[in-house]
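Colleague: Sequence:
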Amino acid sequence: MKYVSRRWALALTIAISAPAGVTAQAGKLPPLIDRELFFGNPEISGAQISPDGRYVSFLKPYKDARNIWVKGVNDSYANAKLITNDTKRPVTGYFWSRDAKYILYVQDSLGNENFNVYAVDPASSPAAGQEIPTARNLTAAKGVRAVIYEVPKVDPDIIYVGINDRDKAWHDLYRVHISTGQRELIRQNTDRIVGWEFDNAGALRLAVRTTDKGDTEILRVDPSGFTLVYSCTVFETCDPIRFDKTNTKVYMQTNKGMPDLTRLVLFDPATKAEQLVESDPLNRVDLTGVSFSDVSNELISTSYIDDRTRIYWKDKEWEKDYNLLKSKLPNMEIAPTTSTKDERLVMIVATSDREPGARYLFNRDTKQLTFQYRPFEKLPREALAPKKSISYPSSDGLTIPAYLTLPVGVAPKNLP
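Take the sequence shown: its position 146, counting from 1, is numbered 146 in my numbering, and each next residue is one higher.
Calculated from the structure, these hints are not laboratory results. Hints may contain errors.
No farther apart than 30 Å at their CA atoms in a straight line, the calculated lysine-lysine pairs in the DSSO-like style are these [to be verified]:
#1 Lys142 x Lys60
#2 Lys213 x Lys249
#3 Lys28 x Lys387
#4 Lys316 x Lys341
#5 Lys378 x Lys28
#6 Lys367 x Lys314
Okay, the calculated beta carbon distance ranges per label pair [stated by the list, open to error]:
#7 Lys272 x Ala141: 37 to 45 Å
#8 Asn283 x Asp222: 33 to 41 Å
#9 Ser231 x Lys413: 49 to 57 Å
#10 Ser224 x Ala141: 28 to 36 Å
#11 Ser224 x Asp396: 37 to 45 Å
#12 Leu228 x Lys88: 44 to 52 Å
#13 Lys388 x Thr233: 35 to 43 Å
Where is the CB? At the ideal position from N, CA and C, for every residue including glycine.
Produce the complete structure using the sequences and hints provided.
Modeller: Written as structure tokens, this is what we have:
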């Protein structure tokens, strides 16, 4: 399952219900909470299930810096294996290769924001005198910033990466082999390209260009060059998300011609025909996220962040699983983060205004939900204040949505 909010983002938030009530009574103040419990490193965070379902990876401090650890899916987190050991900069994000052979992550040097892409084999043994497996720099270059554009399904050893080694302003497109580090130039970027869109067969189909006026142009990639097929002004949004299961049309988020709210459309790059898929049924907020199945390439759901996230399901089986999770984890917002290749095991994060993100592993076949961990375990959830959704009129007659948070243990008074 792939979760998309905006371009290159992989996330779908599922709202379940309103937050739980406060347990502390008025007049009884909660304890003073050490700020380190809020702003320090979480004991464990960022858990992912490997595509083959054999391992769970996660982030955990090593000498006060977040690093990647790996354990067997049924093993204890305490018995995990250290995979990276950077003590100068935390690892902020990572992902598994589609065949589960490698973990890939990006890292800069001392905060210079010149990111390179690294790959490490979690099953390999450390070299003599080393405590972790060797991580290979796949984009090895100084003074550049690498950007991952695509991780195709058709070849798990390939990623498509942008590198600005020729021109600091623009990234050329490269095909990189994870296993060897071999790099091949695919497109030299002399056309102000800021993004590329591949279809489900791994073919390069579209490019996104920013004009010198700030407008956005979507270009069809033809053998002889580029053909402009869609555009929007600097005041509008148009963004290709993913090709449909037929590989002929592309899902796009756009508000062209209707700048108030973004909507989901299907666009045909060959004919330039545009078909509305959905806009907010309540006509209140922008399209926030969409999710797709990597097994069937079908659209699973759309989502909109309102007072709480609203989900509109297109797949009945996923909807049934959602409703089951809703009953098992009341008063929480649920987000599936990663899944196995067959989409039968799903890592779930459960959050609320007082829960920063408990993790669970959900088996879609057996319907078993297995608790993994809570970050900031020592944080006293019962002492935290819930938030309440409110709205109020503006001076020009519009409705302004907001959240109200009141101190725990203090009787509310003199509220507007």
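Colleague: Each hint needs a verdict: does it hold in this structure or not?
Modeller: Hint by hint, here is what the structure shows:
| no. | hint | result |
| --- | --- | --- |
| 1 | Lys142 x Lys60 | holds (28 Å) |
| 2 | Lys213 x Lys249 | holds (28 Å) |
| 3 | Lys28 x Lys387 | holds (19 Å) |
| 4 | Lys316 x Lys341 | holds (20 Å) |
| 5 | Lys378 x Lys28 | holds (21 Å) |
| 6 | Lys367 x Lys314 | holds (20 Å) |
| 7 | Lys272 x Ala141: 37 to 45 Å | holds (39 Å) |
| 8 | Asn283 x Asp222: 33 to 41 Å | holds (38 Å) |
| 9 | Ser231 x Lys413: 49 to 57 Å | holds (55 Å) |
| 10 | Ser224 x Ala141: 28 to 36 Å | holds (31 Å) |
| 11 | Ser224 x Asp396: 37 to 45 Å | violated (52 Å) |
| 12 | Leu228 x Lys88: 44 to 52 Å | holds (45 Å) |
| 13 | Lys388 x Thr233: 35 to 43 Å | holds (38 Å) |
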